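Peer 1: Line by line, the protein sequences give chains A and B. With the numbering used here, the residue at position 70 of the first sequence is 1509, and numbering never jumps. With the numbering used here, the residue at position 266 of the second sequence is 273, and numbering never jumps.
Calculated directly from the structure, the hints in this document are not laboratory data. Note that this is a predicted model, so its numbers are computed, not measured. Be aware that a few hints might be false.
Unchecked claim - Ranges of calculated distance between the beta carbons of each label pair, as one might list FRET restraints:
1. B:294 / A:1695: 57 to 63 Å
2. B:369 / A:1634: 45 to 51 Å
3. B:97 / A:1695: 26 to 32 Å
4. A:1515 / B:99: 46 to 52 Å
5. B:90 / A:1807: 53 to 59 Å
6. A:1674 / B:436: 37 to 43 Å
7. A:1674 / B:352: 54 to 60 Å
Stated by the list, open to error - From chain B, some residues computed to sit far from chain A (all C-beta separations above 12 Å):
8. 73
9. 83
10. 258
11. 292
A virtual CB, placed ideally from N, CA and C, is assigned to each residue, including glycine.
The residues making up each chain are set out below.
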Amino acid sequence: MTGHLDLDAAIIGGGTAGCAAALHLATRGLRVALFERRTVGSQASGVNFGGVREHGRDFAELPLSRRARRIWDRLPELIGSDGEFMATGHLKLARSDEQMASLEDFARGAADYGLAVELITGNRLRADFPWLGPRVVGASLCRSDGQANPRIVAPGFARAARQAGAQIFEHEAVEGALRDEGGFRLETERGRRVSARTLINVAGAWGAKVAAWFGESVPIEPQSPSMQVTEPLPYRLPVNIGVAGGDVYARQIPRGNVIFGGGRGWNDFGAITSRAGGGNVTQAMGRLTDILPWTRHVHVIRTWSGIEGYTPDEIPVIGPSDTTPGLIHAFGFSGHGFQLGPAVGEVLAELVFSGGSETPLAPFAIGRFTGAAAPVGAQGDGRDPIAAMQQGETR
Amino acid sequence: MRSDRIVIVGAGPAGMRAALVLAGAGLNPVVLDEAPASGGQIYRRQPRGFTRAYDKLYGFEAGRARALHAAFDADNRIDHRSGTLVWNIEGRRLQTLHDGRPETVEFDRLLLATGAMDRVIPFPGWTRPGVYTLGGAQVALKHQACAIGRRVVFFGASPLLPLVASQYAAAGAEVAAVLDTTPLRAKLAAMPGLLAGGKTGWKGLVYLARLAARRIPYRHGITPVAALGSESVEGFAYTDASGRRHEIECDAIAFGYGLKSEWQLADLAGCGFEFDAGNYQWQVVADEAGRSTVPGVYLAGDGTRIGGAELAEIAGERAARAILTDLGDTGQGAALAACARRIGGQARLRRAIERAFPFPAPLARAIPDDCILCRCEAVTAGEFRASIDRLAPHDVNRAKAFSRVGMGRCQGRICGPAAAEILAAARGVEVKEAGRLRSQPPVKPVPVAAFADAAEDAA
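Construct the entire structure; sequences and hints are all you get.
Peer 2: Encoded structure:
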């Protein structure tokens, strides 16, 4: 037993969204605690590519992404660190005419959301970006996008949240949660018992497991993007690079290393380990030299991965539970949640305080997956922590 | 069963001896090794066309080196693939670069005999041209008959310290001084164990006598201050046991604090680890016959436990006999017991060496703030300490994520031990509580071009 906690809000998951929610709730005086099974920002929030982009997103995500972009400029005042964010722009490349057409479609649609995207082809492409390979036929540029260091952003929010009065418990997984008349009751792996009026599920790839405790079934697939980094080179790639189709992406940090990714790696979800995968690693190297031929004689010095939850439609679940008052979800960011995280934290705080958000969330409703909700306690890891708690067992 | 594909990584004394034992039992082991020729670091061979004699190259170990080289070269059942970097393990497949081209090698049983590298502690000026590790200085001499400088200072705490200094003196380099960070009383306390351990301890005395005969000063209990100079090394500053500062003119410095096991591949294979208090480092868990915690993966030599060439060769034989036993050969018991006896017989000596050349952890904890700690990523000790203060990492992997220390091309193989000490000092805990840097593929940098070309060939 590690004692009992009585909270206004309990948060499951220490990614950027969870840590940001903890910050905003604690700042407004709520008693809030966050539980993270490993360390804050140790999976998708912390080991991702580091792209901060609105460019190329599903239009359903753009209002949220636009809101997030404004927060990225204010990170220093919010968490005392800029997260190494630089508005370098994001250049999305087309390697065929069909791909160029898809970039044109996005640029037109983005204008409706006030997002400026420039189309660049022909001589201007070669003049402005002379370091591109010959197979690139065109590109679109979103100047307001950029890049940041994912390893320090979620920990930065966690630190700010702590300073605002939130409790952050690392290496303490929540083993089960239920709701009764008094609110939510949680039990952690250390035997800590927690009661809370509100429960926020920001558990990433584990979000579906938490949702299942409350009878909501979301088909989440844990995937591991394959990431690589080269030795330092002279700085010449001043923009974050993606491609139509998404099979390779790259950025160079001012100290010279080129960070790139593409394809999926390997993970053992049960053991919470992941690695960049062999075949995909070498394929991504080939695609990199295709778009940036000058990387050909560079060495890759390290590869890595993490575990992220992917939904079938590759946009997240964000919003109130359909089964359980006081439960709010935000998970399944499907490999592009890093830019959104700071805004998701704000949205979650709005939902706690007012039940709604100024940002449209309808496309992210959990109901799109839960046509046939499973009974409470039927999902999960085999044992039934909820039933055990109802029976008053201690572990 | 005998068709098992057996792969040995490393062609030093452990890997070579293991291959010979397996070949002798009628098997055809594959031996993968990065170097252009077999021998490992200790029995490293000269490039083609170099003709220095065995006794010049290997000293007291010449007979052993000659015998092992000759036997290995003569055995055509061994498939030795030199110039092969094993950069990843996935399941039962090794990903390699063989003469710069990607190849996958599958195995049923794998023996990792990956050896060791110098263990260092950064000090002011250590990234200045002219500063080498003791092992690096020795390799330059052994491999290509080059000295690292005309007038060399040797310092640290390592069995290599008197050895390499005397080799340099014999080769005609000027040895300016040999400076041992171990206090004299600790060295004297270890002396009975060293001398009771057979020839090895006496060899150490011979090196000291040779240095003394050339009137080369050997000082105990020193503390390094800095490698001096502008563009390259021009001198070395240290304080003596009484705290007095000295400066010596030199154009090269060799330093080191013993060896550390190269266990990155064992880590990628999923092997278990433990902190070895005697060697004062993380080592791969092995049973009494060299089996790791992963079925089918075996361990031998300095990559598993630092013990030197003689022990590595016995451990190589032992692991090979464990493989034969696991393949169903019931006749290995007596030979395995003999290996165990020979290894056990050296236990006292090993403990004495560990006491005679202890890792000076306080030096690592006291690295000045303005000194580069991680040279790959150019992070100073002060920046590392500031990131610890700010984000309170609990282990070295977390500290790496926050600071970039250990994120560069060596993945912390150089700066890792010192970084762990600094983190442990900040947290007020024993160094083992700071944890162990996880390995990520590739274990050494791999060129993008090799894979881009292979993809084109396949297309």
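Peer 1: All the hints need checking, so say for each whether the structure fits it.
Peer 2: The hints, checked one at a time:
The hinted range of 57 to 63 Å is not satisfied by residue 294 of chain B and residue 1695 of chain A, whose Cβ atoms lie roughly 45 Å apart. A beta carbon spacing of about 48 Å between residue 369 of chain B and residue 1634 of chain A agrees with the range 45 to 51 Å that was offered as a hint. For the hinted restraint 26 to 32 Å between residue 97 of chain B and residue 1695 of chain A, the CB-CB distance of approximately 29 Å keeps it satisfied. For residue 1515 of chain A and residue 99 of chain B, the Cβ-Cβ distance of about 50 Å falls inside the hinted range of 46 to 52 Å, so the restraint holds.
Take residue 90 of chain B and residue 1807 of chain A: their Cβ atoms lie about 56 Å apart, and the range 53 to 59 Å holds. A beta carbon spacing of about 39 Å between residue 1674 of chain A and residue 436 of chain B agrees with the range 37 to 43 Å that was offered as a hint. The hinted window of 54 to 60 Å between residue 1674 of chain A and residue 352 of chain B holds, with their beta carbons roughly 58 Å apart. With a minimum CB-CB distance of about 37 Å to chain A, residue 73 of chain B clears the 12 Å threshold, and the non-interface call stands.
With a least CB separation of 32 Å from chain A, residue 83 of chain B remains clear of the 12 Å interface cut-off, as annotated. Against chain A, the non-interface label of residue 258 of chain B holds: every CB pair exceeds 12 Å, the least being about 28 Å. The non-interface label for residue 292 of chain B is consistent with chain A: the shortest C-beta to C-beta separation is roughly 18 Å, beyond 12 Å.
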